[in-house]
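Residue numbers (our numbering), protein chains in the order written: chain F, 428 to 818; chain D, 55 to 564.
Please keep in mind that the hints were generated in silico from the structure rather than gathered at the bench.
A portion of the hints provided could be inaccurate.
Pair ranges (Cβ atoms, derived) [claimed, not checked]:
1. Asp641/F - Leu411/D: 20 to 30 Å
2. Ile566/F - Lys63/D: 53 to 63 Å
3. Leu812/F - Leu411/D: 17 to 27 Å
4. Thr644/F - Ala437/D: 23 to 33 Å
5. Asp641/F - Val384/D: 47 to 57 Å
6. His395/D - Asn592/F: 51 to 61 Å
7. Ala391/D - Ile566/F: 23 to 33 Å
8. Asn321/D - Arg711/F: 23 to 33 Å
9. Asp641/F - Pro327/D: 42 to 52 Å
10. Val811/F - Ala437/D: 29 to 39 Å
11. Ile615/F - Lys315/D: 57 to 67 Å
12. Arg711/F - Asn146/D: 34 to 44 Å
Virtual Cβ for every residue (Gly too), placed ideally from N, Cα, C.
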Amino acid sequence: MANTAPTQAQATGSPQGEGARAFLKFLKDNGTLVALIVLMLIFSFWDEAFFTPRNLTNLARQTTIVGIIAVGMTLVIIINGIDLSVGSIVGLAAIVVTLLMQAGVNIWLAILLTLLLTGVLIGLWNAFWIAHYNIPPFIITLGMMTIARGIALTLSEGGSVPVTNQTFGEIGGGFFSVALSTIVVLLIVAYLLFAQYRELKQKQQYGIGVKPQDLITAAVVTVLAGAITLYAFSYRGLPYPVAIFAVIAFIGSFTLQHTKFGRRIYAMGGNEEAARLSGININRMKVAIYCIITTLSALAGIILASRLNGASPNLGNMFELDAISAVIIGGTSFSGGVGTIIGTVIGAFIISVLNNGMSLLEVPTFYQLIIKGCIIILAVWFDVLSKKKRG
Amino acid sequence: MGEVVLEMKNIVKDFPGVRALDDVNFEARSGELLALMGENGAGKSTLMKVLSGVWPYPTYQGDIYLRGELKRFYNTKEAEAAGIAIIYQELNLIPELTVAENIFLDRQMTNAFGAIQWSKLFAETQRLLDELNITDFKPADKVKDLTVGKQQMVEIAKALSKKADVLVFDEPTSALTDKEVAALFEIIRKLKRQGVCMSYISHKMEELQQIADRVVVLRDGKTIGPVTPVADITLDQLISRMVGRDVKDMFPKGQFQRGEKVLEVKNFEIDNPDLPGQKKVKNASFCAYQGEILGISGLMGSGRTELVSGIFGAPPGPARGEIYLDGRPVKFRSPHAAIEHGIGLVTEDRKRIGLILGQSILQNMTISSLETVTNVLGIINEAKEMDLAKDYVKRLAIKTPGLDVKIDTLSGGNQQKVILAKWLNIKPKVLILDEPTRGIDVGAKVEIYNLLNKLVEDGVTVIIISSELPEVMGISDRILVMCEGEIVAELTRDQATKELIMAYATGSRK
Numbered sequence: 428m429a430n431t432a433p434t435q436a437q438a439t440g441s442p443q444g445e446g447a448r449a450f451l452k453f454l455k456d457n458g459t460l461v462a463l464i465v466l467m468l469i470f471s472f473w474d475e476a477f478f479t480p481r482n483l484t485n486l487a488r489q490t491t492i493v494g495i496i497a498v499g500m501t502l503v504i505i506i507n508g509i510d511l512s513v514g515s516i517v518g519l520a521a522i523v524v525t526l527l528m529q530a531g532v533n534i535w536l537a538i539l540l541t542l543l544l545t546g547v548l549i550g551l552w553n554a555f556w557i558a559h560y561n562i563p564p565f566i567i568t569l570g571m572m573t574i575a576r577g578i579a580l581t582l583s584e585g586g587s588v589p590v591t592n593q594t595f596g597e598i599g600g601g602f603f604s605v606a607l608s609t610i611v612v613l614l615i616v617a618y619l620l621f622a623q624y625r626e627l628k629q630k631q632q633y634g635i636g637v638k639p640q641d642l643i644t645a646a647v648v649t650v651l652a653g654a655i656t657l658y659a660f661s662y663r664g665l666p667y668p669v670a671i672f673a674v675i676a677f678i679g680s681f682t683l684q685h686t687k688f689g690r691r692i693y694a695m696g697g698n699e700e701a702a703r704l705s706g707i708n709i710n711r712m713k714v715a716i717y718c719i720i721t722t723l724s725a726l727a728g729i730i731l732a733s734r735l736n737g738a739s740p741n742l743g744n745m746f747e748l749d750a751i752s753a754v755i756i757g758g759t760s761f762s763g764g765v766g767t768i769i770g771t772v773i774g775a776f777i778i779s780v781l782n783n784g785m786s787l788l789e790v791p792t793f794y795q796l797i798i799k800g801c802i803i804i805l806a807v808w809f810d811v812l813s814k815k816k817r818g
Numbered sequence: 055m056g057e058v059v060l061e062m063k064n065i066v067k068d069f070p071g072v073r074a075l076d077d078v079n080f081e082a083r084s085g086e087l088l089a090l091m092g093e094n095g096a097g098k099s100t101l102m103k104v105l106s107g108v109w110p111y112p113t114y115q116g117d118i119y120l121r122g123e124l125k126r127f128y129n130t131k132e133a134e135a136a137g138i139a140i141i142y143q144e145l146n147l148i149p150e151l152t153v154a155e156n157i158f159l160d161r162q163m164t165n166a167f168g169a170i171q172w173s174k175l176f177a178e179t180q181r182l183l184d185e186l187n188i189t190d191f192k193p194a195d196k197v198k199d200l201t202v203g204k205q206q207m208v209e210i211a212k213a214l215s216k217k218a219d220v221l222v223f224d225e226p227t228s229a230l231t232d233k234e235v236a237a238l239f240e241i242i243r244k245l246k247r248q249g250v251c252m253s254y255i256s257h258k259m260e261e262l263q264q265i266a267d268r269v270v271v272l273r274d275g276k277t278i279g280p281v282t283p284v285a286d287i288t289l290d291q292l293i294s295r296m297v298g299r300d301v302k303d304m305f306p307k308g309q310f311q312r313g314e315k316v317l318e319v320k321n322f323e324i325d326n327p328d329l330p331g332q333k334k335v336k337n338a339s340f341c342a343y344q345g346e347i348l349g350i351s352g353l354m355g356s357g358r359t360e361l362v363s364g365i366f367g368a369p370p371g372p373a374r375g376e377i378y379l380d381g382r383p384v385k386f387r388s389p390h391a392a393i394e395h396g397i398g399l400v401t402e403d404r405k406r407i408g409l410i411l412g413q414s415i416l417q418n419m420t421i422s423s424l425e426t427v428t429n430v431l432g433i434i435n436e437a438k439e440m441d442l443a444k445d446y447v448k449r450l451a452i453k454t455p456g457l458d459v460k461i462d463t464l465s466g467g468n469q470q471k472v473i474l475a476k477w478l479n480i481k482p483k484v485l486i487l488d489e490p491t492r493g494i495d496v497g498a499k500v501e502i503y504n505l506l507n508k509l510v511e512d513g514v515t516v517i518i519i520s521s522e523l524p525e526v527m528g529i530s531d532r533i534l535v536m537c538e539g540e541i542v543a544e545l546t547r548d549q550a551t552k553e554l555i556m557a558y559a560t561g562s563r564k
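Bound conformation, chain D alone:
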């Protein structure tokens, strides 16, 4: 085990009304990966912001030591200069520029006239990529043409090019395919051998066992327990440190009686708007019944999101096919029409197209069903609206200081619950959820599963897309597997195994 590189001592950070970090202590060593675990809202992001100078020195209390030296960062530049690099969930790359330009964005090699020396730039970038064993893309490729996984590699190369020796990954695998995750881990192992000190924020337990050396848990802004070698702690112990209680059953499953056929989709196709002749969804046909949870599995880009958006009246390109609701043919030209027929869609990208940021949780909750709180003239009955919202806050156990709080300030799990409340209030017949638990802590996940079970009991047809195999297998009655725009398999709960789903999803079995 290497020497201690980074040490954070007694870190306290206050926001008005809340103490986000409360006496946080840990140290990270060179050549190791320290996993930083905790539920959303536990303070992980705040801690990283303190480390990277986003919250500059006098706004927190406590000390940061780098190789034994007390450091006070007054801005992010200083933290960067000291060798700290953070690879955020949301990538900070410029899509229209090349890989090389992105890596050397603020330090491009120029000649005396200020013109970029392209050959030197590309050569230097290639050297960097070689060092990392990256062969999937070239320095001259445009970033927008790379998958999210490869973009992450670019971020890592960028950090290393700045001679960073403390690397922090903020949920790096949440948008990656298994193959990309494997490639990322390969790089992380290589960096470990080079003695880089790394910290890794994640919710995914399996990954930690694969890649992390030691783990520290944050809960409610406090470090829970000491920094522990991963080999010395069980999964259950970790979870109980994170949630403060035992989560015996991660995937509660209700027992339902399958009812009528509610939704039937026949020969559904969506063209790819960017590539003429290609299709995002090919000849998809399936049924969903009352009293069941239908899971849709598949890799990212397999057309899952496009399929459900298409059904919901918001296809990414021209769509064809038949949809039957309760046996009657329907055609939704817009989400508006789909909602009027009782179909709700919890979208995948919560921040970008799910939430209306900057507005209150009340406004976010009722925006799809204003009819329920307005009179004939369209005037809102505010008392009724607030009663309704208060009811959902109670029912879904949404943690919020009030109804008029901006939705931005809630944690991911609570934001998702607000969105669920929004869709519950349209009294849905069919509720489609696209990756509803991404970036959400364990406790909130279980609450959402329980809620879905309850919905099915009440007669709602639930369709759920998930990349996490344990999740989709744990809560679905039936699972569709998609691969390259096609539905390649339909498995019952009993048939489905991790291996079988992966085999279909990767196209190795047809």
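One chain only, chain F, in its complex shape:
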């Protein structure tokens, strides 16, 4: 806290000054969330087509593919790694699953095989080089990015593969009924509020400084998100892929915050050598994490193929960059050890709100790219800035 003097000056100010200060602190702690809300407000006022159940449902569906990958990318970036092969794996998985079905394999078996072959197997391959030979993940996954794309093109002979199976199309395109969706969303909101309250009580009991304001913020955000979700799903209900994304994000978040595995991930990211000397099996952790991200990417590829009712070998092009952007915008530090899934989910939504909103406003694609790039730089700058303030 290098700026003691100005803080003291403010402390003597009016209650209004104090309120402004609390608001500024809120902005600093929840920058990405505020950015998402502001973006949504801007687009809502600008174009009335934005804040409609139909568009919001689409927006949620658009977020899922990159969102699922970004959950895995969060883990990888927390341990100071990177995986550039995810976009190509999306394309490869889409081709493999559709080809398998074309060959008459049962769809569930085809999905399982795809997850194993293009997910787990590639993850093992990446991790083998990264963990065993200590080759920088950037290099290994860069190579894999080209290899996987090449395999996808080879298998499909450069063309696209159609899907005829009705059931398969449901995975990416189906909906739960509005009634069921409403009940589920209400239950989740109730559970989240309860969990937040319980955590506050527990932490207070152990003398950990949690302010009631934080709880109120969390509760308000939860209720708000729930309300928007209910409004959006009044269109046709909860889309299957969104449900899959929500489950994966929940499991990811829970794992990071409340399990042994999650603790070890943070420890590795904070100080890998200290973590090793604390008895963490670094190699095994890396294998697990690099397999998780490739498997999630394969799943994303399957969902994408289902939604499009077919696959082309170029699917998922540049998805690795969107996923990394979502993670970074969501506040995960590129220097490792810091980051949350919640942040990443918000980051993913920021990206798709931007894409969706700018398309509605008919901003030319070229400008969209420039704006997206600027926002990523802004996010990293914010991260660096808030770290400096703390230090």
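Once you've looked at the hints, dock chain D against the given chain F.
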């Protein structure tokens, strides 16, 4: 005694929630060494940061006078320009560059095209080294090839090349061998004769009597007592100023009954990964028993750290040899395996490989033993974990505002206690500690010794590496001495004298 060069008056520095410096007053004169003593967390580093402009002018209150002139530094550059140089514990040199390049890093002599004039650079550096009587290394040597002691000399030369006349040493000898310390002191004496004003932060009492002229003590951010000539104060008086109480017995020693042989190491060897054919540890064999503290002494680089890292499953190079735990042969391929067998290692370099900085003391405490607070699914029982951590905070008297506080914010002694808690929670059979009290204040040291005694009483086998002879002699039942990768002597508590250990450690006796 020279004129007053530096004067700090009524310095107050606040951090959120704590007053780090509270009305600090002292003055330092030219041609003298003023020792600045105090426990860790007493505010010495903060004071130096105020002096060097790391905490710029309006963030503190009080006045700094340099040769009678009021100075306000808005950044570190201004302090440097005024002639203040600080030689930090962590050296700020670039390993891949030469000595000369490091010394003239931001002011290299260049020609009109911006190319470095090497001959001029080297000549100027050589002149500087000659002035300091440094002959151990040349201007063209790469810094990474120098020992820590020599790197420190480079730092001093760098400071002097900037015409600094206020030099502050921050625990300069903590990583030096006795020989290097002697060389450093020689330079300090020379600088004194040249009229440089120096300040010296240290925990080591013996050194102060050798080198310091006057001493001032900081405690809880306040200067305790006036600036006193070293000749006029006894060691006991100094310690009581520092800790606010008398420390009668620096090395409490429990009386134990030696039990079973727990750990036996036979013909242990570790290759040097950087120099093929050479070995970091040669043919080491020893035993450790239940109910005793085994000390390992030796100079820095004698292979002590490598030996214990090797036993712990983290050797710096390929390792061979036999290890028996409770009579059964074991082989640890990783620290993970060693921990599963009940072996813990408190590492030497706390900041770099001990702590997980940026994370809470809770997370640091349970990272090696998450099994004790998780269920079958690996889900952490947070209430249980916090109970456990709270218990250790109480038992080890860890001073912290809470469990979720980042470990970075604690003082060295409290950080070390968190690490001890981490290892205690694996319920160790053998606990190895590598320089566990380095950079820790006197009060915390005694607490750690008491804890080790308690552990031995509870049946833990304790092995401790220490460079400080009084420490290793004070708390060990048996002492191994290492020299150049070999265990050259095994001394009982009664046999060990300072002279004998040094004779073995320096290789002058075999």
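Verification of the hints:
The given range of 20 to 30 Å is respected by Asp641/F and Leu411/D, whose C-beta atoms sit roughly 24 Å from each other. Between Ile566/F and Lys63/D the C-beta distance comes to about 57 Å, which sits within the given range of 53 to 63 Å. A hinted range of 17 to 27 Å holds for the C-beta pair Leu812/F and Leu411/D, which are about 20 Å apart. Between Thr644/F and Ala437/D the Cβ separation comes to about 24 Å, which falls inside the hinted range of 23 to 33 Å.
Take Asp641/F and Val384/D: their Cβ atoms lie about 49 Å apart, and the range 47 to 57 Å holds. His395/D and Asn592/F have their C-beta atoms about 54 Å apart, which keeps the hinted 51 to 61 Å range intact. Take Ala391/D and Ile566/F: their Cβ atoms lie about 30 Å apart, and the range 23 to 33 Å holds. A hinted range of 23 to 33 Å for the beta carbons of Asn321/D and Arg711/F is consistent with their spacing of about 31 Å.
The beta-carbon spacing between Asp641/F and Pro327/D, approximately 49 Å, falls within the hinted interval of 42 to 52 Å. Taken as a hint, the range 29 to 39 Å holds for the pair Val811/F and Ala437/D, whose Cβ atoms sit roughly 36 Å apart. The hint said 57 to 67 Å for the Cβ distance between Ile615/F and Lys315/D, and at roughly 59 Å that hint holds. Our hint of 34 to 44 Å for Arg711/F and Asn146/D holds, since their Cβ atoms are close to 37 Å apart.
Violated hints: none; the structure is consistent with every hint.
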